[in-house]
Amino acid sequence: MAGTPTRAERDIPESRTPLRPIDFLILLMLARSGDRHGYGIMQDVAEHTSGSIELEAGSLYRTIRRLQDDRLLEESSRRPAADLDDERRRYYRLTLFGKRVLAAEAARLRRLVRIAESARILAPEPAR
Amino acid sequence: MTEFFRTKPRGVHERIYHALLRLYPRDFRQEFGDAMTEFFHDRLARTRAAHPIAGPFRLWPHVLIDFARNALPARLDSTLRAVRRSRQRVVAGRTPTIRDSRRKDWMLTTILQDMRYAARGLTSKPAFSAIVLATLTLGIGATVAIFSVINGILLRPLPYAEPRRLMLIEQVDPYGTVSEPEFADYKRQARSLERVAAIAYSSANLTGGDDEPERVRLARVSDGFFQILGVATQLGRYFTSDEDKPNATTVIILSYRLWQRRYGADSTIIGKDVVVNGNPRMVVGVMPQRFDYPSSSIDMWVPLRLNYDSLWTRDNHYLSVIARRAPNVTFPSSVAELNAITRTWTREYPDTYAPDKPVQVKAAEFEDALVGKSKPYLYALLGAVAFVLLIACVNVANLLPASSQVAREST
Numbered sequence: 065m066a067g068t069p070t071r072a073e074r075d076i077p078e079s080r081t082p083l084r085p086i087d088f089l090i091l092l093m094l095a096r097s098g099d100r101h102g103y104g105i106m107q108d109v110a111e112h113t114s115g116s117i118e119l120e121a122g123s124l125y126r127t128i129r130r131l132q133d134d135r136l137l138e139e140s141s142r143r144p145a146a147d148l149d150d151e152r153r154r155y156y157r158l159t160l161f162g163k164r165v166l167a168a169e170a171a172r173l174r175r176l177v178r179i180a181e182s183a184r185i186l187a188p189e190p191a192r
Numbered sequence: 014m015t016e017f018f019r020t021k022p023r024g025v026h027e028r029i030y031h032a033l034l035r036l037y038p039r040d041f042r043q044e045f046g047d048a049m050t051e052f053f054h055d056r057l058a059r060t061r062a063a064h065p066i067a068g069p070f071r072l073w074p075h076v077l078i079d080f081a082r083n084a085l086p087a088r089l090d091s092t093l094r095a096v097r098r099s100r101q102r103v104v105a106g107r108t109p110t111i112r113d114s115r116r117k118d119w120m121l122t123t124i125l126q127d128m129r130y131a132a133r134g135l136t137s138k139p140a141f142s143a144i145v146l147a148t149l150t151l152g153i154g155a156t157v158a159i160f161s162v163i164n165g166i167l168l169r170p171l172p173y174a175e176p177r178r179l180m181l182i183e184q185v186d187p188y189g190t191v192s193e194p195e196f197a198d199y200k201r202q203a204r205s206l207e208r209v210a211a212i213a214y215s216s217a218n219l220t221g222g223d224d225e226p227e228r229v230r231l232a233r234v235s236d237g238f239f240q241i242l243g244v245a246t247q248l249g250r251y252f253t254s255d256e257d258k259p260n261a262t263t264v265i266i267l268s269y270r271l272w273q274r275r276y277g278a279d280s281t282i283i284g285k286d287v288v289v290n291g292n293p294r295m296v297v298g299v300m301p302q303r304f305d306y307p308s309s310s311i312d313m314w315v316p317l318r319l320n321y322d323s324l325w326t327r328d329n330h331y332l333s334v335i336a337r338r339a340p341n342v343t344f345p346s347s348v349a350e351l352n353a354i355t356r357t358w359t360r361e362y363p364d365t366y367a368p369d370k371p372v373q374v375k376a377a378e379f380e381d382a383l384v385g386k387s388k389p390y391l392y393a394l395l396g397a398v399a400f401v402l403l404i405a406c407v408n409v410a411n412l413l414p415a416s417s418q419v420a421r422e423s424t
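In the order they appear, the protein sequences are chains U and X. Sequential numbering from 65 applies to the first sequence in our numbering. Sequential numbering from 14 applies to the second sequence in our numbering.
Note that these hints are calculated values from the structure, not bench results. This one's a predicted model, so the numbers in the text were calculated from it and none came from an experiment. No residue lacks a Cβ here, since even glycine has one placed at the ideal position from N, Cα and C. Please note that a few of the clues may not be correct.
Derived Cβ-Cβ restraints for the label pairs, each shown as a range [stated by the list, open to error]: (1) X:Val409 <-> U:Ser141: 53 to 63 Å; (2) U:Asp134 <-> X:Leu36: 21 to 31 Å; (3) X:Arg98 <-> U:Ser141: 22 to 32 Å; (4) U:Asp133 <-> X:Ser161: 47 to 57 Å; (5) U:Ser141 <-> X:Ile29: 28 to 38 Å; (6) X:Ile144 <-> U:Glu139: 50 to 60 Å.
To spell it out: a stretch of chain U is covered by chain X in this simulated footprint if at least three of its residues, at any positions, have a beta carbon under 8 Å from a beta carbon of chain X; those stretches are [claimed, not checked]: (7) 91-103; (8) 129-138.
Using the sequences and the hints, build the whole thing.
As structure tokens, this is what we get:
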């Protein structure tokens with residue numbers, strides 16, 4: 065079918081950007097904390113958005129399924145110690161491809177921020 | 014229940030949550046049901062830690078909104094995934110059978126596939142589709158149009174209270190309508206009738222207010238007219254018996270149409286005067302839109318105000334008469350009684366009713382009077398358009414094998 069990207073085209077991380085804000089957040093949280101279960105992802109997102117985004121189970125797992133289908137994240141077989149775990153939980157981690165897409169998206173956002181700074185919409189951040 | 018739970022739900026809230034998960038498609042439940050229940054469990058525990066009693070009740074609205082926003086989209090997601098997967102299987106060289114898709118997927122997938130096949134079939138033969146569509150459209154359209162007419166006229170009951178007890182009373186030619194003394198006789202003597210009322214038509218000039226003067230049609234009706242038909246007023250009340258007496262105050266009831274058009278649906282119009290033929294008449298009621306007896310062209314009703322002490326002559330026929338039969342009185346027995354009354358007239362007033370022009374009642378039940386003559390034609394019309402639809406279906410059925418023949422030859 066015309067217009068449908070080929071497998072090779074789909075494998076270029078830049079072809080997957082821009083990411084939806086919620087996808088970006090979830091991938092970012094997984095990149096920071098490694099393997100996480102659904103509730104943990106929700107807590108991380110809430111923490112890093114000062115509680116303004118509180119995901120519910122349905123929204124979260126639908127997004128997770130979509131990101132899995134897009135090969136951006138996968139279920140992890142690594143589990144914490146049994147006393148900290150519940151067998152109903154599922155743990156997720158970024159795929160290698162997911163990491164590359166996340167990086168591409170972050171770079172895209174950085175470019176946009178640079179433009180905003182040069183247009184004096186945003187004061188440049190002092191060098192750390 | 015064992016489909017996705019590896020452990021049992023704990024507590025009533027989790028059990029409700031688990032039941033609600035059935036709103037999600039099966040494959041989604043199998044993959045995430047446990048994880049979602051655990052998620053809910055954690056969320057409930059944290060909410061309870063903050064608000065031991067009110068916590069769960071604060072949580073549920075969020076959870077229900079989440080279900081409302083995601084359960085149906087998740088079903089759509091699953092369908093699209095299934096379609097995508099079946100297409101991949103086709104690419105891989107294995108054609109999925111309907112059995113396959115039934116087993117693997119679920120109803121919505123099948124419906125979606127059917128719709129895709131149908132759309133593909135329609136677009137691949139546009140001329141054929143257009144002919145079939147046009148044929149069916151004509152057949153169905155004609156049937157629906159005629160049925161809606163018949164439904165409105167024959168099938169739905171007349172918009173009056175107990176319409177089966179209503180009848181129309183006229184007299185066989187040359188008399189036609191009823192004269193004042195005749196009406197008075199019916200009113201006094203007919204035991205089979207609960208109420209009888211007379212109607213006379215006239216027209217009048219309506220003036221007053223800022224509007225242009227206009228000519229309006231009005232029905233002059235005797236006491237009991239509105240009670241016989243039993244349709245409640247939109248505003249105000251019916252006429253009283255006193256208002257039908259000769260020197261009573263002049264009152265008027267407006268039709269919905271006139272009230273809307275000339276008085277801007279003024280809800281405070283009751284008690285106000287309108288000027289009819291130069292005389293003020295107080296508005297006591299407004300009839301609802303669906304009330305249009307004796308005719309849809311009537312703009313207002315006024316009391317007939319017959320003077321029973323000095324009635325007009327017996328040979329001056331101008332009144333239409335309607336009546337409501339007493340309960341449990343049949344139409345034929347009522348007509349027999351009315352005919353007995355007219356026979357006394359022939360004896361008592363030989364000068365008025367010559368022997369070569371006998372007076373005889375010509376009564377009809379309301380339903381027959383209003384639609385009576387057109388009834389068989391309407392049913393015949395319905396039968397005709399039903400046949401048109403049948404022929405359309407047969408034509409389409411004949412076209413289908415022809416079209417598949419063409420398809421087979423072209424492959």
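Structure-based check of each hint:
no.: 1; hint: X:Val409 <-> U:Ser141: 53 to 63 Å; result: holds, 59 Å
no.: 2; hint: U:Asp134 <-> X:Leu36: 21 to 31 Å; result: holds, 25 Å
no.: 3; hint: X:Arg98 <-> U:Ser141: 22 to 32 Å; result: holds, 24 Å
no.: 4; hint: U:Asp133 <-> X:Ser161: 47 to 57 Å; result: holds, 50 Å
no.: 5; hint: U:Ser141 <-> X:Ile29: 28 to 38 Å; result: holds, 32 Å
no.: 6; hint: X:Ile144 <-> U:Glu139: 50 to 60 Å; result: holds, 54 Å
no.: 7; hint: 91-103; result: holds (count 3)
no.: 8; hint: 129-138; result: holds (count 3)
The structure fails none of the hints (numbered hints given earlier).
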